[in-house]
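**Student:** This is what each chain is made of:
2 protein chains.
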Amino acid sequence: MSFLHPTTLTKESFSPFGELITLEESEHFAINQGTTERYHALSEVDVSEQSGKAIISLFRGQSFSLPFQLKVMERHPLGSQSFLPVTQNDDHSYLVVVAPSFCKTEDDIVNNLCAFVAKGFTGVTYAKGVWHHPLISLDRVSDFIVIDRKGPGNNCDEINLTQKITVKF
Amino acid sequence: MSFLHPTTLTKESFSPFGELITLEESEHFAINQGTTERYHALSEVDVSEQSGKAIISLFRGQSFSLPFQLKVMERHPLGSQSFLPVTQNDDHSYLVVVAPSFCKTEDDIVNNLCAFVAKGFTGVTYAKGVWHHPLISLDRVSDFIVIDRKGPGNNCDEINLTQKITVKF
Numbered sequence: 056m057s058f059l060h061p062t063t064l065t066k067e068s069f070s071p072f073g074e075l076i077t078l079e080e081s082e083h084f085a086i087n088q089g090t091t092e093r094y095h096a097l098s099e100v101d102v103s104e105q106s107g108k109a110i111i112s113l114f115r116g117q118s119f120s121l122p123f124q125l126k127v128m129e130r131h132p133l134g135s136q137s138f139l140p141v142t143q144n145d146d147h148s149y150l151v152v153v154a155p156s157f158c159k160t161e162d163d164i165v166n167n168l169c170a171f172v173a174k175g176f177t178g179v180t181y182a183k184g185v186w187h188h189p190l191i192s193l194d195r196v197s198d199f200i201v202i203d204r205k206g207p208g209n210n211c212d213e214i215n216l217t218q219k220i221t222v223k224f
Numbered sequence: 056m057s058f059l060h061p062t063t064l065t066k067e068s069f070s071p072f073g074e075l076i077t078l079e080e081s082e083h084f085a086i087n088q089g090t091t092e093r094y095h096a097l098s099e100v101d102v103s104e105q106s107g108k109a110i111i112s113l114f115r116g117q118s119f120s121l122p123f124q125l126k127v128m129e130r131h132p133l134g135s136q137s138f139l140p141v142t143q144n145d146d147h148s149y150l151v152v153v154a155p156s157f158c159k160t161e162d163d164i165v166n167n168l169c170a171f172v173a174k175g176f177t178g179v180t181y182a183k184g185v186w187h188h189p190l191i192s193l194d195r196v197s198d199f200i201v202i203d204r205k206g207p208g209n210n211c212d213e214i215n216l217t218q219k220i221t222v223k224f
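The listed protein sequences correspond, in order, to chains A and B. Whatever position you read off the first sequence (first residue = 1), add 55 for our numbering. Whatever position you read off the second sequence (first residue = 1), add 55 for our numbering.
The hints are simulated quantities; they were obtained by calculation from the structure and are not laboratory data. Here the structure is a predicted model, which is why all the values come from computation and not from measurement. Note that beta-carbon positions come from the ideal geometry of N, C-alpha and C, so glycine has one too. Don't take each hint at face value.
[Unchecked claim] Which bits of chain A does chain B cover? Going by a derived footprint, with three or more residues having C-beta under 8 Å, they are:
{"id": "1", "segment": "106–117"}
{"id": "2", "segment": "130–141"}
[As the list claims (entries may be wrong)] Here are the simulated SDA-like cross-link-like pairs (lysine to any residue), alpha carbons at most 20 Å apart as the crow flies:
{"id": "3", "chain 1": "B", "residue 1": "K108", "chain 2": "A", "residue 2": "K126"}
{"id": "4", "chain 1": "A", "residue 1": "K183", "chain 2": "B", "residue 2": "K205"}
{"id": "5", "chain 1": "A", "residue 1": "K205", "chain 2": "B", "residue 2": "R93"}
{"id": "6", "chain 1": "A", "residue 1": "K183", "chain 2": "A", "residue 2": "E99"}
{"id": "7", "chain 1": "A", "residue 1": "K126", "chain 2": "B", "residue 2": "H60"}
{"id": "8", "chain 1": "A", "residue 1": "K205", "chain 2": "B", "residue 2": "D198"}
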């Protein structure tokens, strides 16, 4: 068994895997005659390949806790997938486990895994083709707004992890 | 001065203006080895005209209360615009004021206005070209995830309301 320790989630540390969705250091400006502040383009949505369209869904994820043994990694080769927690509680958190899109085998993935803990109203956009573990909400059932792709073509690859890898602090 | 009274917001009553985003009566199914429930395609995103792309932003809207005098109506002729409140509190609410896309003048808009109160985790997608009042959060400053269009072309028409129309219960 091997262990994976989460590191600090920042725009920079997440950039190889997509975009971090956060109000911190984001461009914002007043609109609507000054009555609304727009935090602009926190993430782009990249789903147009093979005539894909963006759709808005909600994912309700079961509660997990650390240590957590990873089960499977998946990726969407035709489109980005964005997750935004429907909460602003700073004690809300979830685990983000990713591997770069160049990985082709379980060994590639295992050798390039990164884990992060996302807190409060912090979202992620997994770029097209980036490997990620399915949703791991921590400590409570959690709802996420998800923006991803609907359209023709195979848009999901999965690799079951036969090696035992456990995420723990 | 004339008055506009909000009516009940349902998928059916909102359908001339776009899509209501709600978990009620929505398609849902288990994914991620049964650990996540996916409430699927609560809304589509319609932004591809003239090479548009979807972006994810956050709007922080000031607090208003009823009675509320309408100021301006706007529409986005090239793309849909979706609003999802970042809350699941059932006592959270906002005002939705719309007019059909066929309206061309202030008189057209005024003669076809509809107002609704959206509560809790209820979102709306304004269809392409549907007239709507800028964000009117009720009773508190409120954050909304917004999915709309980035791209070339003029995507905002505005008509200032010179007639005094007040929304009240």
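**Student:** All hints, please: hold or fail.
**Tutor:** Okay, the hints, checked on the actual structure:
Coverage of the segment 106–117 of chain A by chain B holds. Counting CB-CB distances below 8 Å, 10 residues qualify, and the rule asks for three or more. Judged by the Cβ-Cβ criterion of 8 Å, the segment 130–141 of chain A is covered by chain B as claimed, because 3 of its residues qualify and three suffice. Distance restraint check for B/K108 and A/K126: the Cα-Cα separation of roughly 34 Å exceeds the 20 Å cut-off, and the hinted pair is therefore not satisfied. With a C-alpha separation of about 19 Å, the suggested pairing of A/K183 with B/K205 holds against the 20 Å cut-off.
Between A/K205 and B/R93 the alpha-carbon distance is near 14 Å, which keeps this suggested pair within the 20 Å criterion. Restraint check: the Cα-Cα separation between A/K183 and A/E99 comes to about 11 Å, which is no more than 20 Å; the hinted pair holds. For the given pair, A/K126 sits about 53 Å from B/H60 by alpha-carbon distance, which is inconsistent with the 20 Å threshold. Restraint check: the Cα-Cα separation between A/K205 and B/D198 comes to about 27 Å, which exceeds 20 Å; the hinted pair is violated.
Consistency with the previously given hints fails for numbers 3, 7 and 8, ordered from lowest to highest.
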